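Enquirer: Count the sequence shown with mature numbering (1 follows the signal peptide of the UniProt record, and there is no 0) and you get residues -23 to -1, 1 to 142, in order.
Do not take every clue at face value.
Unchecked claim - Once the Cα atoms are required to be at most 27 Å apart in a straight line, the calculated DSSO-like pairs of lysine-lysine come out as: (1) 76 to 9; (2) 90 to 114; (3) 137 to 90; (4) 114 to 137; (5) 112 to 131; (6) 29 to 9; (7) 115 to 90; (8) 131 to 76; (9) 131 to 114; (10) 74 to 131; (11) 29 to 74; (12) 90 to 131; (13) 9 to 74; (14) 115 to 131; (15) 38 to 90; (16) 114 to 74; (17) 112 to 74; (18) 90 to 112.
Unchecked claim - Label-pair restraints from in silico Cβ distances: (19) 108 to 5: 28 to 34 Å; (20) 92 to 30: 24 to 30 Å; (21) 107 to 25: 33 to 39 Å; (22) 76 to 110: 36 to 42 Å; (23) 83 to 131: 23 to 29 Å; (24) 75 to 34: 23 to 29 Å; (25) 110 to 88: 29 to 35 Å.
Keep in mind the hints are simulated off the structure, nothing from the lab.
None of the values given here were measured: they were computed from a predicted structure.
The beta-carbon is built from N, C-alpha and C at its ideal position, and this holds for glycine as well.
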Amino acid sequence: MKTMIHSLLALIMMLGIHWSAHAADTDPDLLKVALLPDENASELIKRNQPLKDYLETTLGKEVELIVTTDYSSMIEAMRFGRIDLAYFGPLSYVMAKSKSDIEPFAAMVVDGKPTYRSIIIANADSGVGSFADIKGKKMAYGDRASTSSHLIPKTVLLEKAELEA
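Produce the entire structure from the sequences given, and follow the hints as far as they go.
Expert: Right, here's the structure in full:
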């Protein structure tokens, strides 16, 4: 009986060491947060300084803001462990999840329900006032991994305006 208890304690200690080592890997001293370059990199870092300050104060760890070149580079950085935290829209999240063991922990909520918004914008002088008016016009799309600047506009144009995207 005494041998079994010692064996059980040894097993628990070994598991504790394993869990501690695992926890150290998943709780870095430096938290690397990816930012998508929707503007000049230095301006983006400046604009996100309050987020950095908040995370450092709240989490008690150093935070590094990293500006990626696009969603694909953000997905790859997450995949290879070069970043710890990133904002993904629905499409880029699905793409990232297919390559990495990531877990969402926050979402935009309106009236108690998760939501996502995308807007199609036309120049005021273009004569576009409805989906039907888009026919024959040129469209610009954003990053192929972007929900709001690629997937939703193309889907809406296909469904609502019966246009080829």
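Enquirer: Hint by hint, say whether it matches the structure.
Expert: Now for the hints, and whether the structure bears them out:
no.	hint	verdict
1	76 to 9	holds, 19 Å
2	90 to 114	violated, 35 Å
3	137 to 90	holds, 24 Å
4	114 to 137	holds, 15 Å
5	112 to 131	holds, 13 Å
6	29 to 9	holds, 10 Å
7	115 to 90	violated, 34 Å
8	131 to 76	holds, 24 Å
9	131 to 114	holds, 14 Å
10	74 to 131	holds, 23 Å
11	29 to 74	holds, 25 Å
12	90 to 131	holds, 24 Å
13	9 to 74	holds, 18 Å
14	115 to 131	holds, 12 Å
15	38 to 90	violated, 32 Å
16	114 to 74	violated, 35 Å
17	112 to 74	violated, 35 Å
18	90 to 112	violated, 34 Å
19	108 to 5: 28 to 34 Å	violated, 47 Å
20	92 to 30: 24 to 30 Å	holds, 27 Å
21	107 to 25: 33 to 39 Å	holds, 37 Å
22	76 to 110: 36 to 42 Å	holds, 39 Å
23	83 to 131: 23 to 29 Å	holds, 27 Å
24	75 to 34: 23 to 29 Å	violated, 34 Å
25	110 to 88: 29 to 35 Å	holds, 31 Å
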